[in-house]
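Chains as they are written, first to last, in the working numbering: chain V, 1 to 228; chain G, 1 to 268.
Treat the hints with care, as some may be off.
[As the list claims (entries may be wrong)] With a Cα cut of at most 35 Å, we get these calculated DSBU-like pairs of lysine-lysine:
{"id": "1", "chain 1": "G", "residue 1": "136", "chain 2": "V", "residue 2": "67"}
{"id": "2", "chain 1": "V", "residue 1": "67", "chain 2": "G", "residue 2": "50"}
{"id": "3", "chain 1": "V", "residue 1": "172", "chain 2": "G", "residue 2": "62"}
{"id": "4", "chain 1": "G", "residue 1": "106", "chain 2": "V", "residue 2": "172"}
{"id": "5", "chain 1": "V", "residue 1": "172", "chain 2": "G", "residue 2": "136"}
{"id": "6", "chain 1": "G", "residue 1": "244", "chain 2": "G", "residue 2": "62"}
{"id": "7", "chain 1": "G", "residue 1": "244", "chain 2": "V", "residue 2": "11"}
Calculated directly from the structure, the hints in this document are not laboratory data.
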Amino acid sequence: MIWQPVLLSIKVALASLIFVFLFGVSFAYAMRKWDFPGKAAIEALFALPLVLPPVVTGFLLLILIGKQGPIGCFLSETFDLRIIFTPYAAVLAGTVVAFPLMYQSTKAAFLAIDSDLEDAARTLGAGEWRVFWTVTVPLAWHGVVSGLVLSFARALGEFGATIMVAGNIPGKTQTIPLAIYFAAESNDLSQAGFYVLVISLLTFSMIWGLNLWSRIKKEPNYQKGALR
Amino acid sequence: MKKWSSFVLIGMFAACLILAGCGGNQPVAPKAAEAPKTVELTISAAVSLKDALAEIQTNYQKKNPQVKLLYNLGASGSLQKQIEQGAPADIFISAAPKQMDELSAKNLINTATRKNLVENKLVLIVPLNSSAKLSKFEDLTNPAVQKISIGEPTVVPAGQYAQEVLRKLGIWDKINDKLVLAKDVRTVLTYVETGNVEAGIVYKTDAASSSKVKIAALAPEGTHAPIIYPAALLASSKQQEVAKDFLAYLSGPEGKPIFEKYGFVMGK
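Could you put together the complete structure from these sequences and hints?
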């Protein structure tokens with residue numbers, strides 16, 4: 001079934017996106033709000049998945065969530081859950097490698113906000129939750145959305161860590177990048193080409209859409225010209 | 001000594017070549033006291049031979065300090081392409097006959113020197129602390145074995161051999177949904193080492209390199225094509241004699257125990 005890896009990849013990338021959004025935004029917010037010893041070290045740790053070769057990230061994840069790993073052991077003994085070699089492992093891999101992109105992008109957007117605006121909301125009696133959703137997020141929206149798009153693209157294209165922890169089980173955990181790799185290596189260039197086309201179109205249209213959207217937000221009159 | 005004289009001969013030959021290029025100069029015999037020049041020997045070899053070759057290098061250079069061995073290790077297919085593009089090398093050791101055959105067809109190797117250097121075996125491995133009772137390949141159908149890792153057969157040679165064995169034994173279809181197809185044989189080893197699969201199929205040499213796995217079974221004779229590592233001198237090598245000498249050393253009484261230590265069987 002030729003569309004199976006495509007559907008799986010989209011599902012995995014979307015699921016990763018939910019986690020990346022939750023963790024990325026909350027950590028970016030927390031890091032802006034609070035100062036504590038070791039903050040710089042934690043920030044550096046957050047950037048690691050960006051610099052480590054994905055195969056290494058995958059190996060570390062395998063050690064952690066594998067059958068004999070600390071997290072893997074805990075999950076299987078407490079919840080009878082085995083995530084290695086399942087699509088959930090692919091979601092985990094996607095989340096880990098995409099997280100730094102979301103975090104960096106959101107943090108930059110949060111830092112660019114004039115905190116006087118938030119303080120103004122507070123003096124008017126808004127609670128922290130309300131300030132966050134009605135002042136902080138709308139002002140940082142652009143950074144959050146571009147972080148989401150980049151993260152989605154990164155999770156969609158994830159290969160190294162995914163193949164390590166999700167394995168390569170055709171029909172079950174074989175995502176588009178894995179299908180491309182094995183098709184290309186076995187010289188099935190038409191199949192590899194098909195998947196390359198699909199993943200390129202998906203990513204291209206998303207990033208193009210994002211650029212268009214941000215342009216329109218900045219100059220509302222741009223819309224007419226761009227769509228023509 | 002035979003080796004010594006061959007080096008002197010090469011040295012003289014090299015001197016003649018250099019002098020021949022210098023037109024009217026009077027030929028001068030090389031001084032007898034002069035030590036033979038250091039010769040660099042480049043060996044392009046399949047990366048699976050890495051550990052064995054490293055040990056051989058130490059031993060060989062102790063005996064032959066004037067020969068400097070340089071290894072270029074990689075996937076056999078990549079090495080083949082490098083040689084086709086004219087990369088300098090004296091000896092090629094491939095992990096399968098295919099790459100050698102292709103170079104041979106292009107007259108890039110010295111066919112007379114070609115030999116089957118070593119052979120590898122295919123084995124079934126389990127984690128060291130495994131409680132599953134596996135003693136033969138057929139036991140893979142046992143329900144206690146939930147996941148089995150092999151190399152992706154279309155891409156990884158070890159996976160191709162594994163598929164051949166499982167088909168021959170008539171259990172391929174029965175275990176198909178337990179398979180995790182790895183992108184290389186080292187990943188199979190990692191999966192077994194970390195206990196994430198109950199069993200894996202790798203080369204005997206891979207199993208020998210890990211202390212966290214044990215061999216449960218050897219692939220029965222005749223269930224897969226022989227896994228042969230051919231070696232040959234390259235036609236472009238300018239040091240045919242030294243290279244021949246090293247090739248003989250590899251398959252001789254000094255190379256043999258080292259290859260066997262790392263799990264290889266000497267070629268026939």
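**OP:** Return the numbers of the hints above that this structure violates; sort them in rising order.
**Re:** Numbers 3, 4 and 7, in rising order.
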